[in-house]
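Enquirer: Below, each chain spelled out in residue letters.
Protein chains: 2
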Amino acid sequence: MAQNIYDDEGFFAGYATLPRSVEGLDGAPEWPTLRAMLPPLAGRRVVDLGCGYGWFCRWAASEGAASVLGIDLSARMLEKATAHTDDARITYRRADLDQLALDGDVFDVAYSSLTVHYLVHLDALLTQVHRSLVPGGHFVFSAEHPVYTAPSAPQFVTGDVGGTVRRVWPLDGYLREGPRVTNWFADGVVKQHRTIGTYLRLLRDAGFTVRDLCEWGPTDEQVAVVPEWSVEQDRPMFMLVHAVRSD
Amino acid sequence: MAQNIYDDEGFFAGYATLPRSVEGLDGAPEWPTLRAMLPPLAGRRVVDLGCGYGWFCRWAASEGAASVLGIDLSARMLEKATAHTDDARITYRRADLDQLALDGDVFDVAYSSLTVHYLVHLDALLTQVHRSLVPGGHFVFSAEHPVYTAPSAPQFVTGDVGGTVRRVWPLDGYLREGPRVTNWFADGVVKQHRTIGTYLRLLRDAGFTVRDLCEWGPTDEQVAVVPEWSVEQDRPMFMLVHAVRSD
Numbered sequence: 004m005a006q007n008i009y010d011d012e013g014f015f016a017g018y019a020t021l022p023r024s025v026e027g028l029d030g031a032p033e034w035p036t037l038r039a040m041l042p043p044l045a046g047r048r049v050v051d052l053g054c055g056y057g058w059f060c061r062w063a064a065s066e067g068a069a070s071v072l073g074i075d076l077s078a079r080m081l082e083k084a085t086a087h088t089d090d091a092r093i094t095y096r097r098a099d100l101d102q103l104a105l106d107g108d109v110f111d112v113a114y115s116s117l118t119v120h121y122l123v124h125l126d127a128l129l130t131q132v133h134r135s136l137v138p139g140g141h142f143v144f145s146a147e148h149p150v151y152t153a154p155s156a157p158q159f160v161t162g163d164v165g166g167t168v169r170r171v172w173p174l175d176g177y178l179r180e181g182p183r184v185t186n187w188f189a190d191g192v193v194k195q196h197r198t199i200g201t202y203l204r205l206l207r208d209a210g211f212t213v214r215d216l217c218e219w220g221p222t223d224e225q226v227a228v229v230p231e232w233s234v235e236q237d238r239p240m241f242m243l244v245h246a247v248r249s250d
Numbered sequence: 004m005a006q007n008i009y010d011d012e013g014f015f016a017g018y019a020t021l022p023r024s025v026e027g028l029d030g031a032p033e034w035p036t037l038r039a040m041l042p043p044l045a046g047r048r049v050v051d052l053g054c055g056y057g058w059f060c061r062w063a064a065s066e067g068a069a070s071v072l073g074i075d076l077s078a079r080m081l082e083k084a085t086a087h088t089d090d091a092r093i094t095y096r097r098a099d100l101d102q103l104a105l106d107g108d109v110f111d112v113a114y115s116s117l118t119v120h121y122l123v124h125l126d127a128l129l130t131q132v133h134r135s136l137v138p139g140g141h142f143v144f145s146a147e148h149p150v151y152t153a154p155s156a157p158q159f160v161t162g163d164v165g166g167t168v169r170r171v172w173p174l175d176g177y178l179r180e181g182p183r184v185t186n187w188f189a190d191g192v193v194k195q196h197r198t199i200g201t202y203l204r205l206l207r208d209a210g211f212t213v214r215d216l217c218e219w220g221p222t223d224e225q226v227a228v229v230p231e232w233s234v235e236q237d238r239p240m241f242m243l244v245h246a247v248r249s250d
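As given, the protein sequences belong to chains A and B, one line each in that order. When the letters of the first sequence are read in order and numbered with our numbering, they come out as residues 4 to 250. When the letters of the second sequence are read in order and numbered with our numbering, they come out as residues 4 to 250.
One thing to keep in mind: the hints can contain errors.
Where chains are identical, the list cannot tell them apart; a pair therefore holds if satisfied intra-copy or between any two copies.
Said to hold, decoys possible - Here are the simulated SDA-like pairs of lysine to any residue, each with C-alpha atoms no more than 20 Å apart in a straight line:
(1) K83 - D215
(2) K83 - D11
(3) K194 - Q236
(4) K83 - F15
(5) K83 - R179
(6) K83 - P138
(7) K194 - E12
(8) K194 - L117
The hints are simulated quantities; they were obtained by calculation from the structure and are not laboratory data.
Sequences and hints are given; from them, build the entire structure.
Expert: Shown next as structure tokens:
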């Protein structure tokens, strides 16, 4: 079972202060790139895996989706999500994505934002997503980038590197896959580190073809507005993937 | 035009001391993984892009390849390669892979070991490789991994990281693609840093489907024999790719 950290009171309160919590999709700098990977949603049946507050579900409905199912493990998140909409096309379901079962051929588009790196059984989830999509259906997702999840001490450090004072990302353990415990709004948040090669193999073995993989960084325009994002050029935090059910 | 560093006298002398130069394919720890990506070569027409001393060309012939063309920019390397074989199925050609032209549908398998990260015009090379392969033909290659090529100071450093003394790889500039100048057997060796996302996009746009992408690390057995390889678990040096001409 996946850790239900979003129902931790302290975590939930901290997470609520993030720009992406307050402002929704527009508070997430990677959203324009992720959005560009999505097919038009008008008339489509959409599922959002790890829907959180439901920002994406409401956006998908506003784009004309025929139906939107939001799934999340956190009761607190779903309570917020439910309170924010009375659109009959949107439904929410509480479920552990690590043990999810989905019907076959019921969605045109699956979406997931910054969720899959929490899952222990990503292979099983991908099998479920694949069967739930119609042939040619789209799976667009983001995850924390492997160079972000890998290190034993995942914070930038500044010091003498090669004779010059530099701010660098202390990469280690990249090929040692498995759990990583970090303290982010709460102690003991557990993430699963996987390499890009493993993500690609899991997708292939589940029957997906990868159309695009973006190691996300901010544009110069975004850095001009939010200068602290410039560090993302040194060490991408997000990986965005557009995959298609190919068999 | 690609830099012809392998014809630099000092570089050539230094490179000649590497295990992979002295022992050939068996001196390259990633070779078993790369070999496993290759289809059977018996009766196939094979091209090796950046063939160096010709170790792979001779191995391909020993596997029963119908013909093997080795291409390299370095006259010194080709001189060695030519001196090592009198197999009529093997031919060598001196050419700059950054300006290469190949005939259409003439190869079943293209191979390249640790060469493409030197190329400025990888998009053009991939177009040539694609056209030179028969439909369904294989392109198996290795390159220096982007986390290896990215840093401004690409050497492990040891120091206080997160309150503990650790040996880490000082990652920076991962998303800043372009030339990197390093001093490796000679000053001013120029490599081209590209992200994994960019490699995947260039392959897709050239008409390839990626079957596998391996961020290579040594097995426990290899580390037992050569303990210094254990650092490769922290920061992979090599990326291995198996792509197929899909259109």
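Enquirer: Next, verify each hint and record whether it holds.
Expert: We went through each hint and held it up to the structure:
1. In this assembly of identical chains, K83 and D215 lie within 20 Å of each other by CA distance neither inside one copy nor across copies; the values are 32 Å within and 41 Å between.
2. In the homo-oligomer, the alpha carbons of K83 and D11 lie at most 20 Å apart inside one protomer (15 Å), although the nearest pairing across protomers, at 66 Å, exceeds that limit.
3. Taking the shortest Cα distances, K194 and Q236 sit within 20 Å of each other only across copies (19 Å), while inside one copy they are farther apart (23 Å).
4. In the homo-oligomer, the alpha carbons of K83 and F15 lie at most 20 Å apart inside one protomer (11 Å), although the nearest pairing across protomers, at 65 Å, exceeds that limit.
5. In this assembly of identical chains, K83 and R179 lie within 20 Å of each other by CA distance neither inside one copy nor across copies; the values are 37 Å within and 39 Å between.
6. In this assembly of identical chains, K83 and P138 lie within 20 Å of each other by CA distance neither inside one copy nor across copies; the values are 33 Å within and 53 Å between.
7. Proximity of K194 to E12 under the C-alpha cut-off of 20 Å is restricted to the intra-copy arrangement: shortest distance 19 Å within a copy versus 49 Å between copies.
8. When the C-alpha separation of K194 and L117 is checked against a cutoff of 20 Å, the pair qualifies only within one copy, where the shortest distance is 11 Å, while the shortest distance between copies is 33 Å.
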